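*Asks:* Since chain A is already given, all that's left is putting chains B and C on it; use the hints.
Read top to bottom, the protein sequences are chains A, B and C. Straight run, no breaks: the first sequence in the working numbering ends on number 314. Straight run, no breaks: the second sequence in the working numbering ends on number 573. Straight run, no breaks: the third sequence in the working numbering ends on number 309.
There could be a bad hint or two in this list.
Listed next, the in silico DSBU-like pairs over lysine-lysine satisfying Cα-Cα at most 35 angstroms (straight line) [unchecked claim]:
1. B:Lys83 x B:Lys269
2. A:Lys24 x B:Lys83
3. B:Lys426 x A:Lys216
4. B:Lys392 x A:Lys216
5. A:Lys216 x B:Lys83
6. B:Lys269 x A:Lys216
7. A:Lys24 x B:Lys342
Pair by pair, the computed Cβ-Cβ distance ranges are [to be verified]:
8. C:Trp63 x B:Lys426: 51 to 57 angstroms
9. B:Ala388 x C:Val234: 53 to 59 angstroms
10. A:Ile141 x C:Ala135: 39 to 45 angstroms
Which residues of chain B face chain C? A partial, calculated answer using Cβ under 7 angstroms [said to hold, decoys possible]:
11. Gly109
12. Leu123
13. Pro125
14. Asn140
15. Tyr168
Source of the hints: derived by calculation from the structure; they are not laboratory data. Source: prediction; values computed, not measured. We put the beta carbon where it would ideally sit given N, CA and C, even for glycine.
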Amino acid sequence: MTNKNSHFVAPIEETPLLATDTLKTDQAPLSLWADAWRKLRRRPLFIISALLILALVVVALFPGLFSSVAPNEGCELANSEGGPTAGHPFGFTFQGCDIYSRVIHGTQASLSVGVLAVLCVLIVGVTFGALAGFYGGWLDIVLARLGDIFFALPLILGALVITQLPVFRQNKSVWTVVLVIAVLAWPQMARITRGAVIEVRNADFVTAARALGVSKFSALVRHVLPNALAPVIVLATLELGVFIVAEATLSFLGIGLPEGIMSWGHDIAAAQSSIRTKPEILLYPAAALSITVLSFIMLGDAVRDALDPKSRQR
Amino acid sequence: MKEKAMTTPEIRIDEADTTGVRPLLEIRDLAITFKTGSGEVQAVRNAHLTILPGETVAIVGESGSGKSTTALAAIGLLPTNGKVSAGQILLDGEDIAHASERRMIELRGNTIGMVPQDPMSNLNPVWKIGYQVRETLRANGKPSGPADVAKVLSEAGLPDAHRRANQYPHEFSGGMRQRALIAIGLSCQPRLLIADEPTSALDVTVQRQILDHLETMTSELGTSVLLITHDLGLAAERADKVVVMYRGQVVEAGPSLELLQDPQHPYTKRLVESAPSLASRRIQAAKEQGVEAADLLAPATEVQANDHILQIQDLRKVYKLRQGLGKSTDFAAVDGVSFNVKRGTTTAIVGESGSGKSTVAKMVLQLEKPTDGKILFDGVDTSLLRSADLFKFRRRVQPIFQDPYGSLDPMYNIYRTIEEPLRVHKIGNTASREKKVRELLDQVALPQSTMQRYPNELSGGQRQRIAIARALALDPEVIICDEAVSALDVLVQAQVLNLLADLQSNLGLTYLFITHDLAVVRQIADHVCVMEQGQLVETGSTDDVFDSPQQDYTKALLNAIPGARLMLPPEVA
Amino acid sequence: MVRYILRRLLQVIPVFLGTTLLVYYMVFALPGDPISALFGDRQPPQSVIDTLRSQYHLDQPFWVQYGIFLQNLFTFNLGNDFTGQPIAATLARVFPVTAMLAVEALIIQAVFGVAFGVFAGLRRGSWFDSTVLVASLVVIAVPTFVLGFVFQLVFGVQLGWAKPTVGANADWGNLLLPAVVLGLVSFAYVLRLTRASVSESMNADYVRTATAKGLSRPRVVLAHILRNSLIPVVTYLGANLGGLMGGAIVTEGIFNVPGVGNKLYQAVLRSEGPTIVSIVSVLVLVFVVANLIVDLLYAWLDPRIRYDQ
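Next up, chain A with everything else stripped away, as it sits in the complex:
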């Protein structure tokens, strides 16, 4: 074989010749979303977070199923900082209210603020980001600078300024908190969308669609946006967690939800006074809050991996 002039030919049986470029038909057709879903289903991180989120949603929608005691019902100072008793598994707050019931009823506010704020941010951020990224030019410049202005205000700092406005002080509600968060957080979403749209807008399939006679705007809606959604979805999931923390922080500072609405942030603030005597009072709502946030962040992480183009099969 080391002979300089040898001519080697492999036996044909060993390397049967296939027809050039045959279609693989051994698998069922698979869209990108189906492919991502298949990958997602196999990840333990996703399964755990999805189950947790499902449970949280059920608790948020039907708190009555889990706690027969209304959150502010039967608060007796005699029970102040009382330990667990039958029917009150977590014990009592400083005010003598049932901690378990308060934790259950706090779920609703947290989730609704988070979900609504993410929806607002998606609507504003994706619209602005997509338009700026796709059309470019002066629109891009104006929107980018506008975003920078809001971006320069850190979330809690900006929220402090906005919520001190008399308008907000007098009309505290779930919606005001949602609005504050959305106003301060949209630039991040707009930036991500803009970047993703810019990456896709010059793809050949967009040019091909334009050459077919598809209008610019249709090309944006039908071809560019669907292909730019992956990072947007990931950010939205992660931001859900971030916004839930923001609501709790604002309520903790006393500038978030009004006192009448049950919120873990309020309860943690109220538990401050008991922290050295009865740290559990603080730990229950804190644990509920952390688990909620963790579920969304884990979900975001799993979704990011599943949608990562590098992990796609080719």
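*Replies:* Chains B and C only, in chain A's frame:
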């Protein structure tokens, strides 16, 4: 024996050699497996090759054939999920298939060098070129002063090496970067150089210069070269021996010319038949068999001899290059280009990167507005088209783009992709559209069941066929192919070119074919326009341009086709 | 390079003006009179209100007010707050404390975040990597104020390793516990960013080429993997400094640190418009300048940016 080789690297395995020359590199029964999510995949099986000192051996194969994997194993650079599962890699008698990392570091650089494939990504962007040469010299114990660095760079053909050493990779053109990489690969005078598609990312004329230079340098140093390439013509021209790999196995190996003239294995035969650089006007010739030979340049209907479907007149496109605060300079991407395209023929625009050929295509497609000049389509000035007319124009002129991974929307399944033009132009109802999609899939020789699939499930060639089907959906008259086959493996490329030729003769299509690859032009085009830096330097019929090129630039381009200087096997020539 | 710096400087100005204008507008021009809000239910005589109004130029048109404010801001003549204290003196007192806290937090997250991130990135898929990844998720999920209370309780009260509250005399030692709390969330982000960046550069072509040149593993890791992958990390850290200063409100509250956040929170509770606007403006300036420095740093670290245009 493995352990022994690691502890005492000096061990030699002597064996009888028929020629008396000990091979520098001998790969025996090599198998390489990769761990993937779906289990172990065998990428290479029973690979074997032999390189004698001073010899150049080429491995030829299509993407996924295992040619690069084999070469990487020889320098111990398999990806972390890959491993040599059987066989030997003997370097001067020492089995390095399982050598320790320390031993491999000793060997790399000064015994085995490498010139990688893509000059854009293989130089670290944050270090100056000089630093990247210097660290190579230093790591291999060679003198590494500024003069040594400059010497290494200038030997690789970089002029003004002292100044160049102080620049960053992004200040270099692609060809210069590749020269820097060659400088690095050869800086420590290795005995074996692994060149992995060293020029496939470069323009043909640059490619030729660099390969010539590499050849000169290695023959001066007496370096053996393992050349990895997909181009059989290039391999045969540059290497003493050619090894053909197919689906992870060596199917044929032998002296270059012998292999080319007398291929034995059916795969090699197929490869020799399809290699564009070796082929003459094969597809044209097939076409001529149907039509009378003389009719080739004058289409069948003699009355329409002057029927120019496209007339490009003095076309210009000027871009403003911004130079900071308010200042800008004009850059003419296309400068005074005029040519005509006859109905039913194929006109190719050939040029290297930056020649303006794609900009011409964009303007003909009405995706960019010309700065100056006219494009007449079927006698009508396209700049006067209002939106409704433009919409009708789009039905008659359709594009096919280069990147088979980018030209189909990954979110659309094949049915929606091909149906989109029909829907946009409100042609037919659901049932008739589906029928049309099925017909189109038949036309591009794909099974109708492909409809349900998504682009990510198809190969590059299949995607390109889908792109053709989409372009045909509106029964256009003109198809503009912008580097439509450049990214495909040779066999697939030949298949797609044949498909395009068949469609032309069946449907009377007119093609405007934008390409950098003269070999492809020769296979498919009737007329050629050669562009250089925005200007048209030569036009003519394909035969005229190929047989008697008038301009130096055209001659340089033709001369640069790999394999052009080879003696062609009789049945192809 | 000079042109790049100039261009970036020109971009900073509209952002700073826009943000301060926005804040100023919200505090002084939206419905609801800041002066009467100050007094709550007990309205003082009209003459007192009028004096205060003219003192804060509230009787002038909005644009004039804003102009005067900007002028005062740059001459550091910020006037007095509603209790008669000069705002400039207050700022000079609280800013160094917060700056110290933020820098300490930054150092903690930089050192630990980068170290853990590099090791996890280099050994992607190992048990160390998986553990660190899950731990970082947990750290991100626990809100700062919960973390603050837990650390205060465990390290301050139960173990007694640090003072549970800082109080008047803030120094590097006293601020360590709050700095850990403040830096922990970003620590997790730094870790994840470093890890992703390192494992991405590990697969870069130029790293394989560097190995093929015969470089030793440590040299490849230092000169080619780390040098390249730390560019985004450094820029994240820089941009984070501004965020840490503005975001220290909760941490400062829990540990009773006499810093900017604490002062701002009190000002908000008391509706002290001028103090709020002054503090936020300075914070925005810090944020914008930090981002500017980061961009210049980026251009210095990555030669490709330097020569673009």
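*Asks:* Now tell me, hint by hint, if it's right for this structure.
*Replies:* Quick rundown of the hints versus the structure:
1. B:Lys83 x B:Lys269: 31 angstroms, holds
2. A:Lys24 x B:Lys83: Within the cut-off at roughly 27 angstroms; holds.
3. B:Lys426 x A:Lys216: OK: Lys426 (chain B) and Lys216 (chain A) at ~18 angstroms, within 35 angstroms.
4. B:Lys392 x A:Lys216: Cα-Cα ~17 angstroms, so holds.
5. A:Lys216 x B:Lys83: 49 angstroms, violated
6. B:Lys269 x A:Lys216: Measuring from Cα to Cα gives roughly 48 angstroms; hence the hint is violated.
7. A:Lys24 x B:Lys342: With a Cα-Cα distance of about 39 angstroms, the restraint between Lys24 (chain A) and Lys342 (chain B) is violated, given a limit of 35 angstroms.
8. C:Trp63 x B:Lys426: 51 to 57 angstroms: For Lys426 (chain B) against Trp63 (chain C), whose Cβ atoms are near 55 angstroms apart, the range 51 to 57 angstroms holds.
9. B:Ala388 x C:Val234: 53 to 59 angstroms: Check passed, 55 angstroms falls within 53 to 59 angstroms.
10. A:Ile141 x C:Ala135: 39 to 45 angstroms: 42 angstroms, holds
11. Gly109: Holds - the Cβ of Gly109 (chain B) comes within 7 angstroms of chain C, reaching about 3 angstroms at its closest.
12. Leu123: Check passed: Cβ of Leu123 (chain B) comes within 6 angstroms of chain C, closer than 7 angstroms.
13. Pro125: 6 angstroms, holds
14. Asn140: For Asn140 (chain B), the interface hint holds, since the closest Cβ of chain C sits about 5 angstroms away, which is under 7 angstroms.
15. Tyr168: 4 angstroms, holds
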